[in-house]
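Number of protein chains: 6
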Amino acid sequence: MAEKGLFIEQLQSGGVATLQALVKVKELRPKRNGGFYLRLLLGDRTGELEAKVWDSPQETGGLFEQDDIVKVRGTIETYNDKPQLIVQRIRRCESKEFEEADFCPVSKHDPDVMLSRLYGFAASVVDPCVRVLLQSILGDPEITEPLKVAPAAMRLHHPCRGGLVEHLVSICEAAEILVQKYSRLNRDWLIAGAILHDLGKIGELGTSRRLGYTTRGQLLGHIGIGLEILDKHWVRFPDFSLEVKTILQHLIISHHGEVGKGALRAPMFPEAIALHYLDEIDARLEQAWRTIDQTPASEAWTAYVPSLQRQLYCGPSRDDSATVPQAVEMST
Amino acid sequence: MAEKGLFIEQLQSGGVATLQALVKVKELRPKRNGGFYLRLLLGDRTGELEAKVWDSPQETGGLFEQDDIVKVRGTIETYNDKPQLIVQRIRRCESKEFEEADFCPVSKHDPDVMLSRLYGFAASVVDPCVRVLLQSILGDPEITEPLKVAPAAMRLHHPCRGGLVEHLVSICEAAEILVQKYSRLNRDWLIAGAILHDLGKIGELGTSRRLGYTTRGQLLGHIGIGLEILDKHWVRFPDFSLEVKTILQHLIISHHGEVGKGALRAPMFPEAIALHYLDEIDARLEQAWRTIDQTPASEAWTAYVPSLQRQLYCGPSRDDSATVPQAVEMST
Amino acid sequence: MAEKGLFIEQLQSGGVATLQALVKVKELRPKRNGGFYLRLLLGDRTGELEAKVWDSPQETGGLFEQDDIVKVRGTIETYNDKPQLIVQRIRRCESKEFEEADFCPVSKHDPDVMLSRLYGFAASVVDPCVRVLLQSILGDPEITEPLKVAPAAMRLHHPCRGGLVEHLVSICEAAEILVQKYSRLNRDWLIAGAILHDLGKIGELGTSRRLGYTTRGQLLGHIGIGLEILDKHWVRFPDFSLEVKTILQHLIISHHGEVGKGALRAPMFPEAIALHYLDEIDARLEQAWRTIDQTPASEAWTAYVPSLQRQLYCGPSRDDSATVPQAVEMST
Amino acid sequence: MAEKGLFIEQLQSGGVATLQALVKVKELRPKRNGGFYLRLLLGDRTGELEAKVWDSPQETGGLFEQDDIVKVRGTIETYNDKPQLIVQRIRRCESKEFEEADFCPVSKHDPDVMLSRLYGFAASVVDPCVRVLLQSILGDPEITEPLKVAPAAMRLHHPCRGGLVEHLVSICEAAEILVQKYSRLNRDWLIAGAILHDLGKIGELGTSRRLGYTTRGQLLGHIGIGLEILDKHWVRFPDFSLEVKTILQHLIISHHGEVGKGALRAPMFPEAIALHYLDEIDARLEQAWRTIDQTPASEAWTAYVPSLQRQLYCGPSRDDSATVPQAVEMST
Amino acid sequence: MAEKGLFIEQLQSGGVATLQALVKVKELRPKRNGGFYLRLLLGDRTGELEAKVWDSPQETGGLFEQDDIVKVRGTIETYNDKPQLIVQRIRRCESKEFEEADFCPVSKHDPDVMLSRLYGFAASVVDPCVRVLLQSILGDPEITEPLKVAPAAMRLHHPCRGGLVEHLVSICEAAEILVQKYSRLNRDWLIAGAILHDLGKIGELGTSRRLGYTTRGQLLGHIGIGLEILDKHWVRFPDFSLEVKTILQHLIISHHGEVGKGALRAPMFPEAIALHYLDEIDARLEQAWRTIDQTPASEAWTAYVPSLQRQLYCGPSRDDSATVPQAVEMST
Amino acid sequence: MAEKGLFIEQLQSGGVATLQALVKVKELRPKRNGGFYLRLLLGDRTGELEAKVWDSPQETGGLFEQDDIVKVRGTIETYNDKPQLIVQRIRRCESKEFEEADFCPVSKHDPDVMLSRLYGFAASVVDPCVRVLLQSILGDPEITEPLKVAPAAMRLHHPCRGGLVEHLVSICEAAEILVQKYSRLNRDWLIAGAILHDLGKIGELGTSRRLGYTTRGQLLGHIGIGLEILDKHWVRFPDFSLEVKTILQHLIISHHGEVGKGALRAPMFPEAIALHYLDEIDARLEQAWRTIDQTPASEAWTAYVPSLQRQLYCGPSRDDSATVPQAVEMST
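Protein chains in written order, with the working numbering: chain A, 49 to 380; chain B, 49 to 380; chain C, 49 to 380; chain D, 49 to 380; chain E, 49 to 380; chain F, 49 to 380.
One or more of the hints may lead you astray.
[Claimed, not checked] Here are the simulated DSSO-like cross-link-like pairs (lysine-lysine), alpha carbons at most 27 Å apart as the crow flies:
no.: 1; chain 1: C; residue 1: K280; chain 2: B; residue 2: K293
no.: 2; chain 1: B; residue 1: K293; chain 2: C; residue 2: K293
no.: 3; chain 1: D; residue 1: K100; chain 2: D; residue 2: K196
no.: 4; chain 1: A; residue 1: K280; chain 2: E; residue 2: K293
no.: 5; chain 1: C; residue 1: K119; chain 2: C; residue 2: K156
no.: 6; chain 1: B; residue 1: K130; chain 2: B; residue 2: K72
no.: 7; chain 1: B; residue 1: K130; chain 2: B; residue 2: K79
no.: 8; chain 1: A; residue 1: K309; chain 2: C; residue 2: K309
no.: 9; chain 1: B; residue 1: K293; chain 2: C; residue 2: K309
no.: 10; chain 1: B; residue 1: K309; chain 2: C; residue 2: K293
no.: 11; chain 1: E; residue 1: K156; chain 2: E; residue 2: K119
Treat the hints as calculated values from the structure; they're not laboratory data.
Model the full assembly from the supplied sequences, consistent with the hints where possible.
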């Protein structure tokens with residue numbers, strides 16, 4: 049079981065502390081008088097902490113990698129008006145030893161459950177070509193391992209570990225119900241688009257516990273990487289219809305809806321149009337409710353949301369507790 | 049039963065013809081040598097026909113109004129290289145005598161059925177205030193009579209008689225299923241928004257068999273007229289919460305999604321966001337399929353769609369008949 | 049007469065102070081050891097001050113409301129490096145006891161005078177229908193009471209108490225002179241538009257001494273609220289021409305000039321076109337001169353104005369005093 | 049006095065005709081069998097007419113220039129289904145022999161009167177530097193001769209011979225009344241801006257009876273040419289303040305209001321802001337009323353106006369005659 | 049040698065004609081009384097011609113394909129006021145029998161020469177990985193065969209058979225000289241970008257003699273197809289650096305310069321920035337000179353160019369012949 | 049030789065210091081007890097320093113001007129937590145006494161060399177009219193003196209003393225090589241455009257060591273000022289072709305490429321199109337490499353560049369030193 053120890057915001061100067069932390073930066077730095085020391089930037093969900101390893105820095109540095117969770121013990125000093133940890137002991141933690149959510153935002157949904165639901169949707173595809181291709185992709189550990197932890201975005205929507213697979217499943221579900229109403233939609237294409245459209249984010253945003261763009265992600269975007277993933281598996285099926293491949297490629301490159309919003313092509317057939325809106329609905333509602341939930345219950349309006357260029361309304365009478373003070377009668 | 053008689057495209061010069069037609073223009077015009085004649089522009093779904101009434105033009109003109117369906121008999125002459133009808137007899141037809149679809153595009157759905165489904169959605173609203181308001185609006189013949197015939201647009205989507213109520217019902221259905229998945233959405237608000245958001249189109253596009261904007265429609269748009277309809281019924285309920293009225297008003301004014309696309313405000317809470325996308329999905333899919341269905345089966349692409357600034361892809365292997373010539377073997 | 053007492057920027061820690069202040073926030077908060085205290089945020093035109101009422105917080109809190117001006121006496125302590133007032137006595141001030149301008153920006157023009165000039169313009173309208181409608185609106189205390197204090201904007205133009213009515217009168221005056229030159233303009237419509245176009249700001253920006261948007265204002269904008277005001281009074285005149293009502297509605301919804309700038313419709317007749325430009329001239333000139341006047345006389349350029357996306361030029365040789373140092377002869 | 053003779057639309061094939069016409073194109077063309085003939089394109093306000101001179105084409109062509117008004121006599125033949133004039137006699141007309149308005153749209157205002165009013169405004173400027181500069185410009189026949197005939201635009205506003213000077217005077221008048229209300233405006237600058245801002249159109253649109261851009265006009269625009277005119281006269285006054293020259297230059301280059309609409313700079317001081325809106329009001333109102341006046345009285349809406357991206361509303365009950373047929377009673 | 053025979057614009061009704069023509073459309077159509085006939089649409093650079101094969105339509109249709117050049121003999125009849133060819137004999141022509149340029153616009157440069165220059169640029173790349181990859185691509189007949197005939201665009205620039213390879217070579221040359229001046233540019237990347245950036249046009253615009261988009265081209269664009277080509281060859285080199293692949297991919301997806309202009313990413317390093325501008329210069333200059341050359345020498349301005357939203361200036365004194373008539377002296 | 053003395057960032061409180069510094073602000077200020085003191089803001093490339101002269105402020109202030117380099121000696125005190133220099137001795141430095149680059153960013157190229165290369169390009173122009181005009185402009189000390197020190201921009205590209213002339217020469221060089229490839233380009237026009245297009249920046253950005261806009265620069269921009277420079281010299285050549293003047297004016301006003309990006313006209317002939325792209329390439333590459341060079345070698349990406357709305361990629365394996373720590377072996 050997880051033993052977080054102290055959270056960084058609880059640390060006080062002058063004592064010895066033991067805690068689990070995320071290694072955000074790890075670098076060997078030259079000492080003034082020769083030799084090296086190991087500089088670490090540690091973090092958890094409550095803040096960041098500078099740390100230094102003076103003894104055996106190279107050996108110590110070999111015990112763990114950036115982005116690992118470590119258990120660390122040391123003394124808290126003050127340096128430049130900020131607390132700093134002088135490390136005495138440090139070791140890498142196994143995944144069963146800690147709670148992911150102590151260190152970075154984490155999806156509420158179990159990524160393995162999400163992934164198996166995604167398999168389920170892939171398996172439900174009727175067209176055998178499309179189905180087998182999707183199963184090939186979702187059977188590739190180079191896809192599924194990062195997919196378990198990738199976020200769907202840095203800030204906009206599902207910005208948490210496991211957020212991407214949660215988003216993909218959610219769009220599959222929405223596609224499922226949309227097809228009930230608009231039965232002329234090709235369900236196979238829509239499910240395939242729901243699974244594939246954002247898959248490139250595993251390479252764009254990566255798997256780091258610190259959410260952020262990779263170099264490939266910045267240079268190619270998830271659309272460019274998504275096409276690459278599709279191509280990698282498509283070559284395994286020499287008989288795959290080029291026509292259907294083109295449909296799948298178009299679903300990927302058009303899902304942003306407009307050329308000015310990052311699509312390479314505007315959606316040109318009904319399933320591509322529908323996929324774009326399903327993606328928008330799922331992303332915007334998740335973003336709206338998350339933003340509202342982060343707003344104090346006493347506020348009727350969220351903070352300004354730059355990506356939406358507006359504030360959001362939290363709705364009437366949301367704050368039950370807020371009415372308590374008003375229930376305290378005030379004499380006139 | 050309907051007795052259309054000849055269609056306009058079948059008329060040939062030189063004989064006597066009897067047919068039903070829509071009166072598109074009716075005007076008294078001065079004759080060169082004094083007095084007046086009645087000039088008519090008649091139409092059906094196959095074309096237009098000039099017609100003239102030389103005898104008793106005023107009495108005759110009093111028998112029917114512009115936009116009526118008439119039964120007319122006369123001789124076909126040629127004038128300025130075009131056929132022209134010299135009217136001998138003309139009278140107004142009752143609605144049971146003709147098929148609406150012979151004269152203008154008509155929704156495939158019975159407007160009375162559509163309307164009763166809209167009542168059903170209104171009745172399903174849980175919040176009694178919202179429900180009663182919706183029922184008041186849908187109980188007002190000044191709303192429901194035009195609603196039975198109004199189109200949802202001139203060209204973009206559901207551009208046919210009865211298209212508006214078909215569109216409203218369709219969005220209610222879509223709202224219904226969306227709430228299943230995103231259960232945090234307030235179903236009452238979403239249903240109310242689905243019913244109210246485009247209701248102003250009864251005043252914007254009017255009830256004429258010739259689709260077109262009214263003067264009020266051009267000057268106010270359906271958002272301005274929709275607010276007016278809401279206000280007209282809201283004053284009947286003095287205790288109606290101003291907060292909820294504001295929610296409903298916002299759903300109306302924000303449903304175009306962006307200020308640059310005709311919204312007075314961007315959608316500022318989840319239900320308003322969802323309503324915008326539901327409206328888009330329903331309109332764009334109807335438009336896409338209708339455009340595809342109007343494209344010859346031998347074509348893979350529709351004509352250019354100005355409002356979408358693109359052509360649409362009709363999909364692979366749509367044309368069964370098109371493959372016939374290829375099935376005819378050609379020797380090498 | 050007004051007795052402001054000390055201004056907040058003059059307060060010094062450690063003594064007893066008596067002053068008038070605006071109540072910006074008033075809330076009961078739980079004490080650590082049970083019970084409540086009253087937390088206040090006070091303000092005047094020189095700054096803000098935290099204040100606490102430890103004794104009889106509920107009774108005391110019942111003596112005044114947020115946004116009131118109070119007379120308060122207490123001791124100044126330091127808390128978190130900032131001064132804090134421990135309240136001993138506090139009471140609500142009557143409007144005759146204080147100068148509005150000590151607490152928030154105030155129009156230089158007497159709102160009662162402004163309002164009576166607006167009545168004058170309404171009375172000068174020739175079309176009896178339009179005139180009576182305007183008089184009905186300007187005779188409604190629910191309109192005129194807030195109109196006396198509402199600002200025309202939070203920052204852009206006339207951002208002060210009474211700024212809205214000042215702006216409306218100014219546009220009426222400008223309309224008057226424009227009609228002299230362009231005599232084909234319908235003066236009645238232009239005056240009606242000048243009075244009505246921004247009237248919704250009484251509900252958008254409200255009457256608070258702290259300038260800011262109301263929830264209704266954010267959700268509906270002053271155009272939405274303005275339509276509502278028009279409707280409320282229009283129903284009182286059953287014979288009012290729908291055509292003229294439509295003209296007035298269009299003047300309100302089109303006065304922002306372009307759909308991309310918040311108009312529901314672009315101006316579609318000459319009076320609507322003229323109203324838009326009169327509004328722009330009045331707002332932009334007020335904004336320009338106010339911004340220039342806030343710029344130190346030694347500067348030729350104002351600070352960057354975000355809403356205009358530029359700096360403004362204060363003009364040549366504005367600073368007489370600035371030349372003084374240059375008059376002091378400097379030896380070579 | 050003017051003797052127009054027949055108008056082009058009245059010509060009938062087969063006879064001899066005498067008429068005045070504008071020479072739109074004049075070119076020598078080789079005959080099949082050697083030698084040349086003179087090909088003319090003639091025009092008046094009713095249409096265009098091809099004409100040919102077979103005899104002495106070179107001598108005849110030397111008698112007049114393109115853009116002249118000529119009196120021509122010849123026989124009307126039919127060539128390629130269109131009438132064609134075989135010229136027998138042709139000569140240039142003096143300006144007193146014809147009515148300008150028979151050949152191209154002409155301002156209703158006498159250009160000499162307009163020009164003298166412009167002098168009056170220039171003379172009313174108080175700052176002697178600015179006044180003398182304006183008088184120098186308006187005293188230059190290279191300016192005033194074309195100014196008497198130049199249009200203000202090809203289509204948008206004042207698109208007629210003499211339209212430019214009419215527009216400049218109109219803005220001076222509007223500036224005059226605006227200064228009454230906003231007395232802080234520098235009247236001298238505003239009058240100077242009103243006179244100078246569009247003066248470059250004498251070089252942009254030229255003086256041809258056929259409205260159209262010159263090559264310089266296309267390459268430089270009226271802003272570029274306007275700066276050149278200012279510079280040409282400014283060098284005559286070595287003591288002219290560079291500061292004031294800069295003000296005048298800025299008024300010219302900023303009068304389009306926004307960089308995206310052709311301004312080199314956005315208006316950066318109050319007079320430049322005011323000039324932009326005065327220009328807009330004058331141009332848009334002239335355009336609106338002219339467009340409305342060209343609309344049949346029976347229509348409530350003008351044709352679509354591309355530059356405004358909308359139709360304009362002609363207003364209620366404009367058509368008195370239109371009600372006549374309705375006054376003719378129709379029996380039921 | 050080529051024997052074009054008559055051009056279509058020379059055909060006259062009523063006789064027998066022999067000519068070479070491009071088969072634009074070929075389809076079997078049912079005859080009214082059973083059986084089929086073969087309908088052809090033929091074309092050459094002077095026009096189009098309907099043609100019908102009544103005898104042995106299936107066998108005849110098997111002799112050639114759409115987009116082939118055929119030699120055809122038949123009689124010219126008139127049908128619906130247009131000439132129509134009743135085919136007697138028809139056969140496919142070999143490429144040596146005809147001149148490509150008689151049937152569609154063709155690059156002035158020999159595609160084989162162009163292609164070998166492209167090989168030369170590929171061979172000059174220093175980085176062995178990049179060089180080998182480019183050589184692999186340019187050694188693939190699936191690339192080079194279409195590359196010999198593909199246009200660079202339908203209308204904008206190099207819109208002719210062989211135009212694409214001409215454009216690629218031209219950018220390589222421009223890259224070569226740019227590197228001389230900006231020596232810090234990585235020549236290898238720039239040459240690779242010059243070769244790869246538009247290569248997808250072989251799939252977007254295809255190889256048809258009738259310029260036009262393919263279905264894949266519309267759905268994926270040349271950027272999507274270009275990425276696919278790169279991927280296809282990249283998999284052949286397992287040791288190829290992923291970093292360098294990413295560079296090449298970015299060069300392809302960013303070469304349109306801005307997201308709003310069809311780039312998936314804006315150019316993010318100097319070579320990508322340079323490639324974008326080299327592409328623009330080459331395309332815009334070719335387009336400008338071609339447009340100018342298509343303008344009659346007597347005109348100073350080209351027709352309006354929609355893609356540039358302007359006319360182009362042909363420059364001063366371009367028309368030597370135009371001055372001839374002026375040299376013919378005209379008497380006064 | 050230059051004797052900078054201490055740099056401002058090296059100064060320590062409490063001692064006496066001697067240093068060279070740039071006078072950023074110089075103003076006489078009243079002392080509390082009467083009389084004046086001289087307040088200075090000094091700077092060098094490492095920071096800024098407040099300074100005060102208590103003795104003989106007027107005489108001292110007459111010894112140098114704002115923007116001069118001075119040698120100053122005084123004591124360092126602390127005032128408001130910042131160091132402050134109490135001046136004992138101060139005098140103006142001659143240009144040979146200091147290194148420009150110690151005080152502000154300076155081009156790496158000698159401005160006299162740059163200028164002579166610009167003369168060389170002007171002299172190479174073949175058209176004698178254009179050549180003489182360019183030589184007149186480059187022979188005018190009012191042009192060349194500021195040209196030696198003017199920057200090409202405040203931040204975007206070549207933002208350093210002498211940056212403008214460096215940029216102009218660079219574009220001339222690029223024009224030279226472009227003409228080699230696109231030989232149809234008129235070299236004379238292109239060289240003239242390269243020299244003239246940005247020349248107005250000598251008046252827009254001025255010659256101050258503190259980079260910044262002048263008032264004329266803000267009001268007219270470098271395009272407005274550039275036209276003025278051209279006009280000033282053009283009047284010296286009465287026979288200069290108006291056609292060629294127009295070409296040169298168009299090159300100046302169109303070089304920003306699009307009206308929305310500050311061009312008065314879009315480029316309308318090939319040389320204007322080419323000049324725009326040459327300007328873009330030179331500016332964007334300089335900006336990109338400078339930004340990359342300012343980025344720590346350990347970073348793969350630059351900071352966000354607002355004017356480009358993106359980060360730039362520094363490329364793979366740029367940081368040799370960065371690999372050192374990785375070379376230090378870490379034990380597992």
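Quick rundown of the hints versus the structure:
1. Straight-line distance between C-alpha atoms of K280 of chain C and K293 of chain B comes to about 14 Å, which keeps the hinted pair within the 27 Å bound.
2. Straight-line distance between C-alpha atoms of K293 of chain B and K293 of chain C comes to about 22 Å, which keeps the hinted pair within the 27 Å bound.
3. For the hint linking K100 of chain D to K196 of chain D, the alpha-carbon distance of about 32 Å lies beyond 27 Å, and the restraint is violated.
4. In summary, the hint linking K280 of chain A to K293 of chain E is supported, as the alpha carbons are separated by about 14 Å, within the 27 Å threshold.
5. Under the criterion of a C-alpha separation no larger than 27 Å, the hint pairing K119 of chain C with K156 of chain C is consistent with the structure, at around 25 Å.
6. Among the hinted pairs, K130 of chain B with K72 of chain B is consistent with the structure: their alpha-carbon atoms are about 17 Å apart, no more than 27 Å.
7. With a CA separation close to 21 Å, the supplied pair K130 of chain B and K79 of chain B stays within the 27 Å bound.
8. Among the hinted pairs, K309 of chain A with K309 of chain C is consistent with the structure: their alpha-carbon atoms are about 21 Å apart, no more than 27 Å.
9. At most 27 Å may separate the alpha-carbon atoms for a hinted pair to count; K293 of chain B and K309 of chain C meet this at roughly 25 Å.
10. Of the pairs offered as hints, the one joining K309 of chain B and K293 of chain C holds, with about 25 Å between alpha carbons and a cut-off of 27 Å not exceeded.
11. Between K156 of chain E and K119 of chain E the alpha-carbon distance is near 25 Å, which keeps this suggested pair within the 27 Å criterion.
The structure is inconsistent with hint 3 alone, although it conforms to all the rest.
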